[in-house]
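Working from the sequences, and respecting the hints, build out all of it.
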Amino acid sequence: MMMTQFTAMNSTIKLVGLNEEMQQMVEQLFQQFEQTASRFIPGNALAHLNESPLHVPIHLEETLADLLQHALKLSRRVEYHVNPFIGEAMKSIGYTNSFYEGYNPSKPNRRIVKFLTEPIEQISRQWIVKKENFTFDFGGFGKGYIVDKAKQLLLQEGQAETIINAGGDMAVIGRMKSGIEHPGLNGKDIARFYIKDCALATSSKKYRKWALDGESVHHIINGRTGKVARNGVLQASVIADTAMEAETISKVFCILPFEEAKRLVRKTFPNIAYFIYFDNHTFAVGGNERMYEELEVAK
Numbered sequence: 001m002m003m004t005q006f007t008a009m010n011s012t013i014k015l016v017g018l019n020e021e022m023q024q025m026v027e028q029l030f031q032q033f034e035q036t037a038s039r040f041i042p043g044n045a046l047a048h049l050n051e052s053p054l055h056v057p058i059h060l061e062e063t064l065a066d067l068l069q070h071a072l073k074l075s076r077r078v079e080y081h082v083n084p085f086i087g088e089a090m091k092s093i094g095y096t097n098s099f100y101e102g103y104n105p106s107k108p109n110r111r112i113v114k115f116l117t118e119p120i121e122q123i124s125r126q127w128i129v130k131k132e133n134f135t136f137d138f139g140g141f142g143k144g145y146i147v148d149k150a151k152q153l154l155l156q157e158g159q160a161e162t163i164i165n166a167g168g169d170m171a172v173i174g175r176m177k178s179g180i181e182h183p184g185l186n187g188k189d190i191a192r193f194y195i196k197d198c199a200l201a202t203s204s205k206k207y208r209k210w211a212l213d214g215e216s217v218h219h220i221i222n223g224r225t226g227k228v229a230r231n232g233v234l235q236a237s238v239i240a241d242t243a244m245e246a247e248t249i250s251k252v253f254c255i256l257p258f259e260e261a262k263r264l265v266r267k268t269f270p271n272i273a274y275f276i277y278f279d280n281h282t283f284a285v286g287g288n289e290r291m292y293e294e295l296e297v298a299k
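With our numbering applied, the sequence shown corresponds to residues 1 to 299, in that order.
If you're looking for bench data, these hints aren't it; they were derived computationally from the structure. Just to be clear, a hint being listed does not mean it is correct.
To be verified - Computed list of lysine to aspartate or glutamate pairs in EDC-like fashion (alpha-carbon distance at most 16 Å, straight line):
| hint | residue 1 | residue 2 |
| --- | --- | --- |
| 1 | Lys-177 | Glu-161 |
| 2 | Lys-177 | Asp-189 |
| 3 | Lys-114 | Glu-79 |
| 4 | Lys-73 | Glu-20 |
| 5 | Lys-73 | Glu-118 |
| 6 | Lys-262 | Glu-79 |
| 7 | Lys-267 | Glu-79 |
| 8 | Lys-177 | Glu-293 |
| 9 | Lys-196 | Glu-294 |
| 10 | Lys-206 | Asp-241 |
| 11 | Lys-196 | Glu-293 |
| 12 | Lys-227 | Glu-88 |
| 13 | Lys-196 | Glu-289 |
| 14 | Lys-114 | Glu-132 |
| 15 | Lys-299 | Glu-181 |
| 16 | Lys-209 | Asp-279 |
| 17 | Lys-14 | Glu-132 |
| 18 | Lys-177 | Glu-296 |
| 19 | Lys-73 | Asp-241 |
| 20 | Lys-227 | Asp-241 |
| 21 | Lys-131 | Glu-161 |
| 22 | Lys-131 | Glu-118 |
| 23 | Lys-91 | Glu-79 |
| 24 | Lys-91 | Glu-51 |
| 25 | Lys-114 | Glu-88 |
| 26 | Lys-177 | Asp-197 |
| 27 | Lys-14 | Glu-27 |
| 28 | Lys-262 | Glu-289 |
Claimed, not checked - Cβ-Cβ distance ranges computed for the label pairs, FRET-style:
| hint | residue 1 | residue 2 | range |
| --- | --- | --- | --- |
| 29 | Gly-43 | Phe-283 | 41 to 47 Å |
| 30 | Glu-20 | Phe-40 | 26 to 32 Å |
| 31 | Ser-52 | Gln-32 | 19 to 25 Å |
| 32 | Arg-290 | Asn-133 | 43 to 49 Å |
| 33 | Ser-11 | Gly-184 | 20 to 26 Å |
| 34 | Phe-283 | Pro-53 | 46 to 52 Å |
| 35 | Pro-53 | Arg-175 | 23 to 29 Å |
Positions of the beta carbon are idealized from the N, C-alpha and C atoms, including for glycine.
What follows is the structure in structure tokens.
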């Protein structure tokens, strides 16, 4: 099947099985979303939202309103360990610009920002009031959201088979072979399998990391503590019905102690499968085995 790729949202977007017209439609969708929802583009709709004052009604652009609704539903299901309110926490660890190889942050303000509840009041779907001083960072929520939207668009256009892979967040139409990159062996897969009409997302602490005050930090934050997650997991991959779900759950496995993460996920997301690679180079597979077929695990 034909494969093409483009760059958006600081990721390589790979499309499999699409004709040129469909490719252009998906690329335009990603580019428009990035212009609206990226934290790193000054003056866009998200910047306007983040710069809006406290305690006054704020109107949300349609895409941001829809994204926020989806993100809030998932945040509640994972008890806010993953949430979209962590913009200041990200800045506090130096994540102030779009990531690149050799990233070297400027000296950040190390103020800890954490949330156990939602710092907003929703007046309606497109109107909110900010109750506390914070900034939105939709991060993985955004990437999963636009992957799901691209899949929805292609289904509406009658596409029968395709893969949309946005830097590790993947949606599949039809039955397709997929793999999970080995975090310790470049160019190798640690697991391969077939998935059908679902999504796969991987969160990793290996790539987006940098040095700060002599300490190695990465981009995965525990939303309840505002601190960099350190739980012995290097990489987590999840198969779920949607890319937003898979992305959120993979973050949970990178944040909470493994047994605690399993309990939370089992309670709220029974229809998922997970693949966890630990810092000690062990590998765990669990969840609903019906989410994949013909699993092959590297020796």
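Hint check results:
As the CA atoms of Lys-177 and Glu-161 are separated by approximately 11 Å, the hinted pair is consistent with the 16 Å bound. At roughly 12 Å between alpha-carbon atoms, Lys-177 and Asp-189 fall within 16 Å of each other, so this suggested pair holds. The suggested pairing of Lys-114 with Glu-79 holds, with an alpha-carbon distance near 13 Å, which does not exceed 16 Å. For the hint linking Lys-73 to Glu-20, the alpha-carbon distance of about 35 Å lies beyond 16 Å, and the restraint is violated.
Taking the CA atoms of Lys-73 and Glu-118, the gap is about 11 Å. The hint holds against a cut of 16 Å. Taken as a hint, the Lys-262 and Glu-79 pair is honoured in the structure, with Cα atoms around 14 Å apart against an allowance of 16 Å. Proposed proximity of Lys-267 and Glu-79 is supported: the alpha carbons are some 12 Å apart, at most 16 Å. Distance hint between Lys-177 and Glu-293 is fulfilled; the C-alpha atoms sit about 9 Å from each other, no more than 16 Å.
As the CA atoms of Lys-196 and Glu-294 are separated by approximately 12 Å, the hinted pair is consistent with the 16 Å bound. Taking the CA atoms of Lys-206 and Asp-241, the gap is about 26 Å. The hint is violated against a cut of 16 Å. Simply put, Lys-196 and Glu-293 have alpha-carbon atoms about 9 Å apart, close enough for the 16 Å limit, and the pair holds. The straight-line distance between the Cα atoms of Lys-227 and Glu-88 is roughly 11 Å, inside the 16 Å bound, and the hint therefore holds.
With a C-alpha separation of about 13 Å, the suggested pairing of Lys-196 with Glu-289 holds against the 16 Å cut-off. Taking the CA atoms of Lys-114 and Glu-132, the gap is about 11 Å. The hint holds against a cut of 16 Å. At roughly 14 Å between alpha-carbon atoms, Lys-299 and Glu-181 fall within 16 Å of each other, so this suggested pair holds. Annotation: proposed proximity of Lys-209 to Asp-279 holds, straight-line Cα distance about 15 Å (limit 16 Å).
For the given pair, Lys-14 sits about 39 Å from Glu-132 by alpha-carbon distance, which is inconsistent with the 16 Å threshold. Simply put, Lys-177 and Glu-296 have alpha-carbon atoms about 11 Å apart, close enough for the 16 Å limit, and the pair holds. A hinted pair counts as satisfied when its Cα atoms are at most 16 Å apart, and Lys-73 with Asp-241 qualifies at roughly 15 Å. With a C-alpha separation of about 29 Å, the suggested pairing of Lys-227 with Asp-241 is violated against the 16 Å cut-off.
With a C-alpha separation of about 45 Å, the suggested pairing of Lys-131 with Glu-161 is violated against the 16 Å cut-off. At roughly 9 Å between alpha-carbon atoms, Lys-131 and Glu-118 fall within 16 Å of each other, so this suggested pair holds. Note on Lys-91 and Glu-79: the hinted pairing is violated, with a Cα-Cα distance of about 22 Å set against a maximum of 16 Å. Only pairs whose Cα atoms come within 16 Å are accepted, and Lys-91 paired with Glu-51 is accepted, the gap being roughly 15 Å.
As the CA atoms of Lys-114 and Glu-88 are separated by approximately 9 Å, the hinted pair is consistent with the 16 Å bound. Taking the CA atoms of Lys-177 and Asp-197, the gap is about 12 Å. The hint holds against a cut of 16 Å. Our distance criterion of 16 Å between C-alpha atoms is met by Lys-14 and Glu-27, whose separation comes to about 10 Å. The hinted pair formed by Lys-262 and Glu-289 meets the criterion: a straight-line CA distance of about 15 Å does not exceed 16 Å.
Judged by the Cβ atoms, the range 41 to 47 Å given for Gly-43 and Phe-283 holds: they are separated by roughly 44 Å. Taking 26 to 32 Å as the suggested C-beta distance range, the pair Glu-20 and Phe-40 conforms, at roughly 29 Å. Here the CB-CB span from Ser-52 to Gln-32 is close to 22 Å, well matched to the stated 19 to 25 Å. Take Arg-290 and Asn-133: their Cβ atoms lie about 45 Å apart, and the range 43 to 49 Å holds.
Evaluation of the 20 to 26 Å hint for Ser-11 and Gly-184 yields a pass: the beta carbon distance comes to about 21 Å. Hint check: Phe-283 to Pro-53, Cβ distance near 48 Å, so the stated range 46 to 52 Å holds. Taken as a hint, the range 23 to 29 Å is violated for the pair Pro-53 and Arg-175, whose Cβ atoms sit roughly 50 Å apart.
Taken one by one, the earlier hints fail for this structure at numbers 4, 10, 17, 20, 21, 23, 35, listed in ascending order.
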